[in-house]
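> One-letter residues, chain by chain:
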Amino acid sequence: MTDQTHLFIPADNTDKTLPKSTGRLKGLPDAVSGWLLSLPLALVLLFFLVLPIAMIVVVSFWGATEFSIYPAFQFDNYQFLLTSPVTYQVFLNTVKYALITWAITLVLGFTIAYFLAFHVRSLTWQIVLFLLCTIPFWTSNIIRMISWIPFLGRNGIANSTLISMGVIDEPLEWLLFSDFSVILAFVHLYTLFMVVPIFNTMMRIDKSLIEAAYDNGASGFQTLTNVIIPLTKPGIMIGSIFVVTLVMGDFITVRFMSGSQKANVGRLISNDIALLQYPSAAATAVILLITVILVIAILLRFVDIRKEL
Amino acid sequence: MEKRSRTFYVLATVFAVFLVFLYGPTITIAILSFQGPQGGLTFPMRGVSFHWFEDLFRQQAVGDIWGSFARSLTLGLMVMITTVVVSVMGGLAFRKRFPCSSVIFYLIITSLVIPSILISLGVGLIFSQSGLSVHWSTSGFGAQLTWTLPFGLLIMFAVFNRFDKSYEEAARDQGASAWQTIRYVVLPIIAPMLIGVALFGFTLSYDEFARTLLTSGSYNTLPLEIYGMTTNVTTPVIFALGTLTTAFSFLIIGLFLAIVITLNRRRSKHGSDAGQGLV
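Read top to bottom, the protein sequences are chains A and B.
Per our numbering, the very first residue in the first sequence carries number 7; after that it's consecutive.
Per our numbering, the very first residue in the second sequence carries number 5; after that it's consecutive.
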């Protein structure tokens, strides 16, 4: 009996004293502590994301001489940009790269994720194989691009293999420094960005749904198109956003893998920067930004990104 | 064990080919970096030697590789620590309701998808127009955070979504303060994931090229140095550098994995059930 009271009283006491004895943070309402905790994040985003974008928009109206840039409010940069056939050609090329890379990485990424999620049976193997796919992501993109030279060059492995097999007589010239090599490098660099979100959503699919589909007489293909693909859609959308935006904003891969022979918007911007034509670069950047936002807005119509996290 | 379907073998083959595609080129340059002194950028190998590695260590003609390596390493560590701390704070913040949380959320998404050259251009312009000089440890550091923080936060969101809140309630019932709950309950449970965030932060920063292009100032980071080399170096010395940095990346991954494994071992040894709530 005494034991019970002994147990009971302190508990009662704690209940009463708890609000006082706990730290100061506890006393703060969620609004304040949440705001304080996210303050460093908000500051970084303000100074290195919001302000730079605002600066680009402002500078896109500025003027430039050969040596310097000066504040102004003129539409010269946009006028030049929007009346030049080069701009449209380069934008078209950018969209072409984005679409082709997206299609290839989607099919490839989906297949890889599907294999890992539904055909590899033990969790350990799933993790091991998944890690194997992600490791190359941790090494330098530029190094990974350089490493295509011995493969695709005039005297590279691909050409010498094809010649020794008797498939071709002359080395293929279009393997390196072409649209082919640019897209190959994009697929090499960015397929992982498709695999990870798709694999992630696939792992969350309740396996009994697939069993149910089979029990109801669905073939493997029907299960894929009627059950798995609809349930994987959020992952597909997130992967697509990644790949499309990465490819559209890229300039180094295009410069490097095309041997400076092809252009996309990113290269247009970086060329302007190299010539110190910042207002012109900023105007191109604004148009690129608008394009990217439009693409994402379209993709986000298919998925509620907050719900998927 | 039931028989594997034919689809399994087809898919397994696709997967194997994909792995060859991923690793093949990197392995090739690793082999080619051991070319003899007369060797070129492609096969066949002309002898086997450490010539190009020695070249890398000896000569200064190719640029300031060791200086840029030291800068990249320092910057990577700075970014790593900041990313872990800010991501954890952000992750904790987003478990509460607070005004502007959705504004910040959409900014994080924007930060993730905005073309990196825009950040580079914008930050560079701000610094130059306000009379500040760009430097890898200030403008470069901030520009890189816009890339590492969203990744860190997304991982934290995933972690906290799977976090069992009853551990915290238990701590609170036992009279722990808010800070004590975080320090002794939440942080130990999420520690293995934090190592993942740290790994992301470090390697994303260590390899970042586009965001540092206009923001690093007169001292190059390693990716910028390598980029410079690609335009004017046509010997396997660049493969040797590639092999070394790749080996370094592997070393870092190995190190982080070792830490995770040790943490888990120590846990199971002490019979703690920390982290179990995450599965």
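FYI, nobody ran anything at the bench for these hints, they're computed from the structure.
Being a predicted model, the structure only gives us computed values, none of them experimental.
Check the hints yourself; a few may be wrong.
[Claimed, not checked] Using C-beta positions, here's what the derived DEER-type ranges look like:
1) B:P48 <-> A:P77: 53 to 63 Å
2) B:L136 <-> A:M171: 39 to 49 Å
3) B:K169 <-> A:A303: 48 to 58 Å
4) B:S141 <-> A:M171: 21 to 31 Å
[What the hints assert, rightly or not] Interface residues of chain A toward chain B, partial, derived using beta-carbon atoms under 10 Å:
5) G40
6) P58
7) L281
By construction, the Cβ of each residue, glycine as well, lies at the ideal position given by its N, Cα and C atoms.
> Does each hint fit the structure? Answer for all of them.
Results of checking the hints against the structure:
Distance hint for P48 (chain B) and P77 (chain A): a CB-CB separation of about 59 Å, consistent with the stated range 53 to 63 Å. Between L136 (chain B) and M171 (chain A), the C-beta spacing of about 59 Å breaks the proposed range 39 to 49 Å. For K169 (chain B) and A303 (chain A), the Cβ-Cβ distance of about 35 Å falls outside the hinted range of 48 to 58 Å, so the restraint is violated. Taken as a hint, the range 21 to 31 Å is violated for the pair S141 (chain B) and M171 (chain A), whose Cβ atoms sit roughly 53 Å apart.
Nearest Cβ of chain B to the Cβ of G40 (chain A): about 3 Å, under the 10 Å cut. The hint holds. The closest approach between the C-beta of P58 (chain A) and any C-beta of chain B is roughly 2 Å, which is under the 10 Å cut-off, so the hint is satisfied. At its closest, the beta carbon of L281 (chain A) sits 13 Å from a beta carbon of chain B; the interface hint therefore is violated under the 10 Å criterion.
Of the numbered hints given earlier, the model fails hints 2, 3, 4, 7; all others are met.
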